[in-house]
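This is what each chain is made of:
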Amino acid sequence: MSTFEGLKTDGEAAWRNYMGDTKPLLQVGMGSCGVAAGAEEALAVLRREVTARNIPATVSITGCNGMCFAEPLVMVTREGRTVTYGEMTPERIPALVEEVLVRGGVWAEAALGVSGEEEWQGIRPLAETEFFRLQERRLMARCGVIDPENIEHNIALGGYAALHKALSGMTPETVIQEMNQSGLAGRGGANFPCGRKWDFLRQAKATPKYMICNADEGDPGAFVNRILLESDPHLVIEGILIGAYATGAEAAYIYLREEYPLAARRLRIALEQARARGLVGDNILGLGFKCNLELVVGAGSYVCGEETGLISSIQDSRGMPRIRPPFPAQAGVFGKPTNVNNVETYANAPLIIAHGGQWYASMGTERARGTKMFSISGHIVRTGVVEVPLGTPLRRIFEEAGGGVGNGRPLKAIQSGGPLSGFLTARHLDLPLEPQAFAPEGVLMGSGGLVFVDEGACLVDMVLRYLTFAQDESCARCTTCRIGTQRYVDILERITQGKGRPQDLDTFRWLEGVMRNGNCAHGQASPTAVISTLRHFPEEYEAHIREKCCPAGVCPLPAASPALTR
Amino acid sequence: MAKVTLTIDQKTVEAEPGDPLLEVAKKAGVYIPHLCYMDDLPSYGGCRLCAVEIEGVRGLPLACTTQVTDGMVVRTDTAPVRELQRGVMETILSEHPDRCLTCHRKIHCLPNWICLRDDVVTDRCVTCAKNQWCELQQVSEFLGMEGTGRFYEEGRSWYGAREEIPLERENPFIERDYNKCILCARCVRVCDEVRGVGAISVTYKGDKARIDTPFGIPLHETNCELCGACVDVCPTASLMDKTTKWAGLPDKLVSTICPYCGTGCQLLLHVKGERIVRVSADAEGAVNKGQACVKGRYGLDFVHHPERLTTPLIRDNGAFREASWDEALDLVASRLGDYRGEEFAAIASSKCTNEDCYILQKFARVVMGSNNVDHCARL
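Chains A and B, in that order, give the protein sequences. Each residue of the first sequence is one higher than the one before, starting from 1 at the first, in my numbering. Each residue of the second sequence is one higher than the one before, starting from 567 at the first, in my numbering.
Derived by calculation from the structure, the hints in this document are not laboratory data. Think of the CB as a built atom: it goes at the ideal place given N, C-alpha and C, for glycine as much as any other residue. Please note: incorrect hints may appear among the correct ones.
[Claimed, not checked] Simulated DEER-style distance windows between Cβ atoms:
no.	chain 1	residue 1	chain 2	residue 2	range
1	A	Ala127	B	Glu759	58 to 64 Å
2	B	Val860	A	Pro208	39 to 45 Å
3	B	Asp867	A	Asp316	52 to 58 Å
4	B	Asp636	A	Gln497	52 to 58 Å
5	B	Pro825	A	Gly335	39 to 45 Å
6	B	Asp605	A	Glu294	37 to 43 Å
7	A	Trp510	B	Glu729	24 to 30 Å
8	B	Thr573	A	Trp510	28 to 34 Å
9	B	Asp605	A	Phe334	36 to 42 Å
10	B	Glu729	A	Ala127	56 to 62 Å
11	A	Arg516	B	Thr822	47 to 53 Å
Turn these sequences into a full structure, and let the hints steer you where they fit.
Rendered as structure tokens:
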């Protein structure tokens, strides 16, 4: 059984060795985003070049630092400074090797930025670039820095210190106290205070108790959990263990969606390494705390992201959200008390324990504490993942980090929170990013997905796609959800074909009232896309139904009203 | 635990704490429309019809998933409740043929009359085998569903271009027609939770969701015991007894004991004229509580079989001839006199009751002096 001090010493030694004083370190960003952009080939070419030319350099991998727009990324560390190079496709790798390793230059034109706070050889600090300067990197501190398949790197950079602190010096009650003080609310979209939720489980009488990490990140446009799991899986594991200690859970599951094979691989490796070092298992860190952690991979259903659907799925049942009560804290997985939190919620726990609830609460706004990761995509220049203090104006994310639309067209709509949420207009860019500010506009801030849509898109068509998704993913328990979504799709389809009727809009509102009667959020909230666009974009429906035209020219309709052109 | 007192539509009702409100209301004589709830099984909350108003509770909670508490004040017949129920019903009917449900003429028409709606023949109310004894129809009537509804002309509603699902009628007893299914999952739950078989399940999701066997194989190739419990609980014409589907409504129901084995399941014979047109399990049965097996449920057609034995037969010179019971019993008694003790053995049929079997062993031991007594079910 290794002590934490021992692990820390080993980790630091390994990290020093990795960063290397003598030879340069080259890391290829291997998140799914990087792999999709050709990082695997880039890594192979890099290895081949370095070996063929007999260059003394360490070639390794890292996760994604959030700059998905510039993938594949290569980070080169020399003399303690790390330069990030973007768009290092396999074709450009030989040039990188030539410029940087052979000639010893910096290739400033291809560099996105350098680590640290000062300029270095004509390269400005990454932290000062538009993408980074509004960010506050806490959860993502190790993303794109360490090798995610190496636990020692995580430990060297502060990993598992919070777990050690909790196990060796804090009672479960004080852990929950800190969580309460931090004001951390659930990051999966429901925004429920995390400390209170843990307290429910702690007070539950029945045993054993279970912790579940919801990594079924199914919202199209949301990929914050994926980035965390692929880039720093140990942060999440540590958070789950802290939660298990605070609540008295002796077993935990990570429920991962099937569509994240790379995250599954990284988690398996991480769990194996953590078990081998006594960080997961029967006697964690020799401090007498027991928690077994297992990875469960889903089978591809959106509603398994709903906690009771997820629990059914872990039990090998059909993934259907079930009737509450009983709530999971009373009877969850295998009928035992269970706590379900999102990946990002757990990832916050180590930070709170390490630095204290007060430190955590000092960031963000009065009603939404801490930082939050957002995945930004759609019609923007820079897609990727950013971590900002809650309350940051949406406009800064869009204009600074995202770089605006970039194709000359104005911004039309913002989709936040996935298919169970709705659409905002460009007028809403001044909203602060906190759940409470989004609610009055009839949409959710959600789990972190922000999709920006320019004027080239037709919202009726987009809403049709969202409802088709909601319809496809209905678990078929509630008639209102199963059939209601189908009727929405029918009518929307008809409208996009120019066969809309004025009374369709009343039917939309009426049907929403019926669907509110559903059992879970999927059935209750799937009309939100329609209702929010009826509220914010009535002119789109007007054009399709009355004028029989699609101003964006997406639907199979004329772009201008036939009545006007006549 | 102490009983709780609550008020349902101004009626004061006593109940066990934690009982489902729907069941408590039903016992108190207050009908709350529902299509997926089944007595004594955990609530499924699928049909979303049984909404009620409860003082101090937000929205319109479901009666089936609400557990009664002391002092609860429930109203089941308010305008918002009925409006929501009709809304839910309207979504259900958009996926179901509704001529038999919403036509104002349906109670006046008989088979072969001219349809006043001038519907195509296959769409008329009388073309549904469950017409007039259908639970969906009853709920629809209770809620006063009329006319064609908002979704009448939508492309995928029942009368439109919807793809017809082929009937599954490969097994001899149960016919499955999922065109009429409302996915209440009663059949799935009774099969799994009552029968412990689990031959069917909700498969797929969204608009492709359907009750089906694993990989869609025919029912009799699964572990289905063809007990027909699913047919009994189906609120529509999706699951029907194949042989008696079109037998229509019975004149009367006769409760009886199944003749097949000693379990003594109580069955309900659906009698029309002089014929048994259908058999179902009697929910009042103390032994079987509404359940039966394939033999009791589908095996009673021997009653009207032309080759059924109705008198004893005696073999004379190698050929059978009909005889009276007196003659047959006299013959047996006279011949049994030739044997005593170990020469004699008695085997009872499992169709016999316990009392019959007791008498047989008594006869063997006391009259015949033999302990060679056995029973076919032991073999």
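Consistency of the hints with the structure:
no.	hint	verdict
1	A:Ala127 to B:Glu759: 58 to 64 Å	holds, 59 Å
2	B:Val860 to A:Pro208: 39 to 45 Å	holds, 42 Å
3	B:Asp867 to A:Asp316: 52 to 58 Å	violated, 40 Å
4	B:Asp636 to A:Gln497: 52 to 58 Å	holds, 56 Å
5	B:Pro825 to A:Gly335: 39 to 45 Å	holds, 42 Å
6	B:Asp605 to A:Glu294: 37 to 43 Å	holds, 39 Å
7	A:Trp510 to B:Glu729: 24 to 30 Å	holds, 27 Å
8	B:Thr573 to A:Trp510: 28 to 34 Å	holds, 31 Å
9	B:Asp605 to A:Phe334: 36 to 42 Å	violated, 27 Å
10	B:Glu729 to A:Ala127: 56 to 62 Å	holds, 58 Å
11	A:Arg516 to B:Thr822: 47 to 53 Å	holds, 48 Å
The structure fails hints 3, 9 (numbered hints given earlier, in ascending order).
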